[in-house]
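Undergrad: Residues per chain are reported as follows:
Number of protein chains: 2
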Amino acid sequence: MSFRAPIRDLALALKIAGHPALIGQSFSELDEDTVAAVLQAAGAFTQEELAPLNRVGDQVGAKYANGKVTAAPGFADAYRAFVAGGWNSLSADPEYGGQGLTKAMELAVFEMVHASNMAFGLCPMLTQGAIEALHLHGTERQKQLVLPRLVSGEWTGTMNLTEPQAGSDLAAITTRAEPDGQGGYRLTGQKIFITWGDHDAAENICHLVLARLPDAPPGVKGISLFLAPKYLIDDAGQPGAANDLRPASIEHKLGIHGSPTCVMLFEGARAELVGELNNGLAHMFVMMNAARLQVGVQGVAIAERAFQQALAFSQERRQGRAVWSAEYPAPLFGHPDVRRSLMLMKAKIEAARGICMTTGVLADRARLAPSEAERNAARARQELLTPIAKAWSTDIGVEVASLGVQIHGGMGFIEETGAAQYYRDARIAPIYEGANGIQAIDLIGRKVGMENGAVMDALCADVHATIEELRGDAELKSVAERLEAGVRALERATDWVIENKGPNALAAATPYLELAGDVIGGWMLARQAQATAGAADDWSRSKAALARLYAGQVLAGAPGLADGLMDGAADLEAVTFEALEA
Amino acid sequence: MSFRAPIRDLALALKIAGHPALIGQSFSELDEDTVAAVLQAAGAFTQEELAPLNRVGDQVGAKYANGKVTAAPGFADAYRAFVAGGWNSLSADPEYGGQGLTKAMELAVFEMVHASNMAFGLCPMLTQGAIEALHLHGTERQKQLVLPRLVSGEWTGTMNLTEPQAGSDLAAITTRAEPDGQGGYRLTGQKIFITWGDHDAAENICHLVLARLPDAPPGVKGISLFLAPKYLIDDAGQPGAANDLRPASIEHKLGIHGSPTCVMLFEGARAELVGELNNGLAHMFVMMNAARLQVGVQGVAIAERAFQQALAFSQERRQGRAVWSAEYPAPLFGHPDVRRSLMLMKAKIEAARGICMTTGVLADRARLAPSEAERNAARARQELLTPIAKAWSTDIGVEVASLGVQIHGGMGFIEETGAAQYYRDARIAPIYEGANGIQAIDLIGRKVGMENGAVMDALCADVHATIEELRGDAELKSVAERLEAGVRALERATDWVIENKGPNALAAATPYLELAGDVIGGWMLARQAQATAGAADDWSRSKAALARLYAGQVLAGAPGLADGLMDGAADLEAVTFEALEA
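Quick note, the sequences are listed as chains Z and H, same order.
Going by UniProt numbering, the residue at position 492 of the first sequence is 492; the numbering climbs one at a time, nothing skipped.
Going by UniProt numbering, the residue at position 400 of the second sequence is 400; the numbering climbs one at a time, nothing skipped.
There could be a bad hint or two in this list.
Pairwise CB distance ranges (calculated) [what the hints assert, rightly or not]: (1) H:Ala461 to Z:Ala326: 37 to 45 Å; (2) H:Trp539 to Z:Lys501: 30 to 38 Å; (3) Z:Glu573 to H:Val286: 46 to 54 Å; (4) Z:Phe285 to H:Ala76: 53 to 61 Å; (5) Z:Gly67 to H:Glu316: 26 to 34 Å; (6) H:Ser2 to Z:Glu481: 23 to 31 Å; (7) H:Lys143 to Z:Glu573: 57 to 65 Å; (8) H:Tyr328 to Z:Asp200: 39 to 47 Å; (9) H:Glu316 to Z:Glu499: 31 to 39 Å; (10) Z:Glu316 to H:Glu140: 45 to 53 Å; (11) H:Ala535 to Z:Glu573: 18 to 26 Å; (12) Z:Glu578 to H:Gly237: 45 to 53 Å; (13) Z:Lys501 to H:Tyr328: 48 to 56 Å.
Quick list of in silico lysine-lysine cross-link-like pairs, DSSO-like style, CA-CA up to 27 Å [said to hold, decoys possible]: (14) Z:Lys15 to Z:Lys477; (15) H:Lys63 to Z:Lys63; (16) Z:Lys501 to H:Lys477; (17) H:Lys221 to H:Lys501; (18) H:Lys477 to H:Lys15; (19) Z:Lys221 to Z:Lys143; (20) Z:Lys221 to Z:Lys501; (21) H:Lys477 to Z:Lys477; (22) H:Lys221 to H:Lys143.
These aren't lab readings, by the way, just hints derived from the structure by calculation.
Quick caveat: nothing in here was measured; it's all calculated off a predicted structure.
Here a beta-carbon is modelled for each residue, glycine too, at the ideal position from N, C-alpha and C.
Can you make the complete structure from the sequences, with help from the hints?
TA: Rendered as structure tokens:
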């Protein structure tokens with residue numbers, strides 16, 4: 001079925017996230033009308049131009065032949081339309097041709113891009129990362145000659161991190177960068193899993209590459225960041241001769257077939273340094289924060305798309321007698337078990353959307369807030385929420401896509417129906433941009449302990465404040481009670497993971513991240529219900545129902561989740577590989 | 001990677017399930033040596049003959065051309081080897097050529113068949129259903145001429161239930177059966193999703209078909225069961241002329257590509273009645289109990305296969321520094337988060353295996369137990385556990401296959417790795433043989449209320465008895481405590497679903513089934529730990545660790561799950577379709 005842009009839900013999530021307060025602080029002329037107009041226009045573009053290509057992207061996919069990659073049918077034209085519509089440059093600095101909108105607005109637009117066509121969305125998403133890297137760390141030449149082309153979308157960008165032996169562990173990178181004696185470098189090595197590493201949709205591709213100088217220190221402190229364009233760029237900024245780099249193949253993947261995932265060979269490729277020597281990993285991490293949040297949004301997006309298709313099917317498909325329908329055969333939507341499943345999908349989507357948009361607004365506030373104290377507080381909370389936004393939302397993407405298949409019954413397993421594609425596409429998001437286990441370790445290892453736990457404490461205090469507001473509200477009393485039990489469980493678990501460093505905390509990392517997401521997601525739903533309280537329309541009234549359902553089906557499990565994660569790692573440490581073998 | 005038959009885990013699950021007590025009661029000469037020998041031989045056959053075809057079955061699959069289906073490469077030969085090895089006839093009545101082993105033994109063997117090659121396993125699994133139907137309800141002619149060929153495996157069987165408008169609701173079946181005036185019938189209609197509906201691996205196919213006589217009452221009370229062979233069977237039992245039925249196409253599916261899923265056209269096909277007129281649904285339900293349990297076992301099987309591959313990868317793949325390894329790079333198995341994930345997968349597999357094998361032994365006891373009271377009690381508990389075995393185990397199949405992909409990181413998303421196939425294959429099991437939502441409704445609607453709740457009460461009483469035994473055991477004290485909280489939560493929830501008929505109970509059906517599976521699964525693990533207590537080997541000692549891990553990560557959530565499901569359905573009833581639309 002076709003995609004419908006979830007404008008009102010996105011607008012609500014932005015509102016809850018505090019986006020309206022940014023208006024006037026942004027360096028663009030952002031006002032409420034602009035926000036609404038941008039969301040509407042993005043909705044129309046994604047519905048009309050990108051969604052219709054999602055299927056052919058899956059079925060035909062990108063192709064590799066004779067050392068070149070051809071984008072899936074229609075994708076190159078769609079990319080040019082995307083660029084022509086200005087969608088590539090929403091949040092970029094106007095100095096380099098951007099429109100200076102907020103990051104949060106851009107995220108909202110990208111949610112629709114990913115929902116309409118996740119494989120397509122990866123191309124501009126990776127370009128965003130390159131824009132960010134050059135904006136923060138690029139040389140003047142790079143800013144003048146390269147950045148505007150990336151902002152406009154004439155050229156695209158990639159991130160070349162992973163090598164066969166270096167996935168989660170970037171310290172193991174071996175790609176070599178040798179000075180060419182003229183201020184530049186020559187890169188030699190192999191990179192894998194390079195998203196949109198080659199294609200025919202833009203006139204040049206700017207590869208950002210992590211590599212190591214011959215005399216660099218070992219480990220992460222010897223990694224530098226380089227820019228290696230597909231076609232060498234002359235001093236007028238024109239692309240010319242081909243560089244000594246090429247795609248060796250593309251992967252045959254479970255999903256996102258429209259996104260070419262390349263093995264890239266650098267064979268003495270000419271490259272320029274970006275940022276400081278041996279500080280490449282830190283530069284890359286700046287980009288990765290944004291990319292991780294974007295991937296979280298992909299989780300929301302694919303869940304939204306899967307939900308929409310399941311919801312539509314629940315109205316079209318008729319089967320049996322249902323307690324909530326007088327018709328026979330009744331639409332699936334009349335069956336309580338189906339409706340519960342749909343409501344749970346929807347509630348989790350709104351919870352994850354709330355977390356992602358909140359993190360996006362925090363990224364803006366970290367730049368735009370009037371005082372340094374506010375900016376620092378926003379940045380700290382952004383850093384705390386980023387691994388949760390990434391991992392929790394992408395897990396939900398998989399879960400909701402799976403429920404979407406289930407609601408279709410036998411039809412869900414037939415590829416023509418489309419539900420199966422979402423189930424396949426969704427599966428990559430918990431893996432790339434830092435596997436969800438890495439996110440969980442980042443959360444307990446680097447984030448929860450920031451400022452001696454004060455960043456998480458402040459977040460929990462805000463949750464308590466909402467709980468106090470909800471207590472007097474008869475409609476949301478049960479939500480307040482379960483949210484309170486949930487946040488207390490999170491506080492207990494937080495104290496425990498801070499006290500228990502080492503294996504105990506590492507073994508608890510994933511359940512802890514799940515608990516944090518469950519509770520913060522419940523807080524988002526509670527505030528969405530608060531914000532729509534009193535309105536009489538069906539949509540507004542459904543928000544309180546979603547918050548209550550989530551409180552019963554998700555938040556009620558929080559105390560048990562906290563108890564379990566505090567068991568410690570002794571059993572895990574003692575078990576042997578052989579004991580688990582068949 | 002190759003499949004390893006999980007013999008010791010299967011033997012333990014059979015022991016816990018009470019299989020040893022059946023020895024001597026079975027109508028075959030079953031003894032402990034036979035049990036061990038059969039499991040060993042089945043393990044060898046599945047490892048050597050079936051597992052190597054799993055990949056080509058996925059990549060090439062079954063093919064449809066010119067009105068005929070060709071099995072995937074190697075599958076027809078493998079089927080003949082399967083039949084020649086006697087694997088098709090394990091539990092069938094020796095009077096018709098079977099070996100008279102227990103159903104539970106057969107299930108254990110089929111778990112290995114499905115794990116090695118789920119798409120292949122469906123062919124003999126469907127034949128089992130046809131054997132069961134003819135054994136119970138066939139005419140003398142059918143028993144003499146058809147049954148022995150199905151038992152030997154020379155011919156295969158299918159179940160033709162679903163029609164485009166009749167999936168979960170079999171009352172909507174419209175396939176017509178018209179008397180031919182000579183004691184037979186002519187079938188006309190279209191059936192969909194017919195597993196192994198056509199192929200070239202056996203010399204005849206016996207279709208069991210639900211259809212309706214022209215003057216039959218409407219609804220489920222007008223459905224009869226027919227036998228329509230692909231090739232008509234003469235009075236000497238020889239297949240001759242082709243019948244007027246044919247596959248119209250095969251489906252393009254998410255997974256199990258080696259299993260041809262046919263649209264079947266019956267164009268005046270000659271058929272014989274099986275059982276009583278208008279009682280076909282009841283006859284079919286007898287088969288479906290067995291088939292549902294088999295599908296539950298498929299869930300265990302695909303989870304086992306996915307787990308094995310992830311476990312092997314966790315030893316081969318090295319990445320980063322790990323707290324539980326002195327090596328750099330360390331094997332993934334040295335990382336607490338990876339090990340926790342693997343242990344949780346393993347614990348859930350053993351819990352589900354325990355439930356399925358217990359249900360299998362109950363099916364045997366329902367036939368073989370010495371007294372009628374024992375047989376009735378066994379049958380009632382078998383009926384109670386069947387929807388749980390089916391739904392809970394297949395949900396775990398999907399969950400574990402998804403975790404298996406995750407442990408592989410980026411490699412998991414690449415089809416060549418193999419983990420993705422399990423993720424795709426696993427997804428069908430929660431859907432077919434009664435979607436899991438239907439199982440949940442069966443559980444709360446027909447099963448939990450049996451004998452005024454006494455069947456579930458007796459099960460919970462057995463769980464309490466185990467808890468009392470565990471209390472004195474220092475190793476399993478925490479398991480006892482969490483199992484007790486879990487079973488009390490289940491008891492509360494049981495009372496509630498029995499009291500709350502209608503929408504409230506229907507809305508709670510899926511969470512209730514999940515709760516029941518979580519608690520009964522925890523009971524299985526506790527008893528596996530009891531049974532291996534005291535032994536010093538790694539495998540035995542891991543059982544207590546698995547029970548504790550599961551108690552913390554799963555059972556600890558039971559009280560919250562119970563609380564949430566008792567919220568009632570008012571919010572679901574009130575929400576409108578439009579409120580959920582984008």
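Undergrad: When the structure is checked against the list of hints, which entries are broken? Sort them ascending.
TA: Violated: hints 6, 13 and 21.
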